[in-house]
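Can you build the whole structure from these sequences, using the hints too?
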Amino acid sequence: MPAKIIQRNNKAFKKVKVDTVTIDIIESALRNARYEMDTVLFRTAMSPGIREQHDEFPMIANVEGKMVVGQFGSFIHGFMQGYDGTIEEGDIFLTNDPYSVRGAISHANDWLMLMPIYKQKRLVAWSAMFGHMTDVGGKVPGSLPTDARQIFEEGVRTPPVKIYQGGKLQEDVLKILLHNCRLPHWNLSDFNAITAALRTAGNRCVEIAERFGDDVFYSAMHEMLERNKRAMRELIKRTVPEKKQYFEDYVCDDGLNMGPYKIACSMWREGDKCIFDFAGTDPQSISSINFLLNEEMFKMFAGVYMIMVFDPQILFNDGFYDLMEVRIPAGTLLKPLAPAALSCRTHALGRIFDVLGGLLGQGNPQFMCAAGFSDSPHFMYSGYDRNGDWYQLYQITFGGIPGKPFGDGPDGHSLWPSFTNVPNEFLESYFPLRIDIYETIPDSGGPGKNRGGNGLRIGYRFLEPGEISVHDDRWLTYPWGVNGGLPGARSRKTLMRADGTQQLLESKLDRVKVEAGDLLLADTWGGGGCGDPLEREAEKVRFDVDAGLVTAEGARRYGVVIKADGSVDEAATTALRKRMAADRGPAQLFDRGFATIEELKGRCKAETGLEPPTQPQFTKWAKRVAEERKKGVKAA
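Residue numbering for the sequence shown follows the numbering used here, starting at -5 and increasing by one per position.
A hint or two may mislead.
What the hints assert, rightly or not - Here are the simulated distance ranges between beta carbons:
hint, residue 1, residue 2, range
1, Met40, Leu309, 32 to 38 angstroms
2, Glu422, Trp384, 17 to 23 angstroms
3, Asp383, Asp430, 20 to 26 angstroms
4, Ala324, Lys162, 35 to 41 angstroms
5, Lys572, Phe361, 27 to 33 angstroms
6, Gly161, Glu605, 53 to 59 angstroms
These are computed hints drawn from the structure, not numbers from a lab.
All residues carry an ideal CB built from backbone N, CA and C; glycine is no exception.
Structure follows, in structure tokens:
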């Protein structure tokens, strides 16, 4: 049964004409409220993931649950589909179970909280926010077990519940949640911070409605959605061809030494509507790299990407969703069947953006960006210090941003909107470690007319015995280049023991024991290059060499010869570029850095010594589960 909204004022909203100035004032006020939500959260949360790194996503939505302003939207749609109780004034809902909300959130660490906003007993809007909790229980510190086979191993799951009912905190429910995590004081602080942020947005929405009237407030939000829809309709017509475009990319492995896993997508336009079809994507994994991709969330991903690439002036909200159709086959990596594990879905989530770049650029190569979102590496370090106190770090690190048609990709940066790094001073103050190295990696960005951003190297020196987890990808496949640009470098993790021995780590590992004095060198990937590197101005290459972003030897990949004094050898550069152009032939639209997966695996083993992943062994199992579920038969 659908959710039932209880309100004593049942008078329907009336759509009225609102002048442009009033719409702009209300839009600015809502945007300010959205940023005020962030400010309240960051000043009161305790976990570094939220407080320092800003791993949270706020939104304000209209009465139908469509995001009007926010960072990532579409939470309420999945919640309304999965919740069958009542919605009343004073309620605040909490859930962290992806399967209960059809993927509106995608793993158990994300506590999603939603609040209906009432004014005089009448629902006028929604506020919502989720934040990544450092721990929610489960088999490993951080609650992101690479080798989990089922979601039950990943921590306590909470279906949509009223954590506040009629304004009263349901303390027993909250006690159960806090009792099952390793850092209950952090979770409690973050929970209270999110609650305060939701109420702040609620107060602001009521103030706006009181100032302009309920009908004007409602109609202005409706017009903001319609304005977005009109702009996106034109953008889709201009940028999405009717001819089907196809692209595929890979998650390198599943943490169980199987892979790579293919994510395939076709895109085309039918009239005003853009169709995305993920047929051909590999079956779900038996490990935790599955990503329960909600169709509405993917529309949001696609819309954000299109707006930022083609027309950043368009206000982003949920108004355009009717203009997209998303098809994701059940039983695949992007639509796993319960109780598939989901905690390490980050790799597939990051790869979705690279797939979008490969699709959207084919019809408009002049707007094409290279690969470089690629992943969102996680690093975790935990244990008991010399005083017997538990410490636990969760951190997201960044890689090279792809080269783009209008400039170089930033070095060691995040493509997640509004994310920041955790300051090294914070890490060293609150955790038993020291940051010995924090630098970009020269030559790791893919050469191009516009260079891909360099990857990031962090050297973690551990000061206490403990355990670490490393979750990364792009160690097998390369972030591809476009329009003649070359691929970026792959990621690499090396543990240098205090006794002088070294160990090259696999990309996805949990519970690796470390001792005081050990050093982890964590290298992330570089962004792919965009455009022919032989067309990059020699002076820009010289500057990069002088800045330490490119080595003198690396400059030769651009056909640029650097003299001993740091200047450009003009004659040698002209000759080298002419020779390289003749040897290379025509520039490629995509350069993945390999011809076949088998060739790539062999090269990877020769270069790193790591055993390449083997062919996934559970394809038939996943297909059988999907077929039996369709027939209504319970699978073994």
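Verification of the hints:
1. Met40 to Leu309: 32 to 38 angstroms: Because 33 angstroms falls inside the window, the suggested range holds.
2. Glu422 to Trp384: 17 to 23 angstroms: Holds: the Cβ-Cβ distance is about 18 angstroms, inside 17 to 23 angstroms.
3. Asp383 to Asp430: 20 to 26 angstroms: Taking Cβ atoms as reference, Asp383 and Asp430 lie about 24 angstroms apart, which means the hint holds.
4. Ala324 to Lys162: 35 to 41 angstroms: For Ala324 and Lys162 the Cβ distance comes to about 40 angstroms; the hint holds.
5. Lys572 to Phe361: 27 to 33 angstroms: holds, 30 angstroms
6. Gly161 to Glu605: 53 to 59 angstroms: holds, 57 angstroms
The structure meets every hint from the earlier list without exception.
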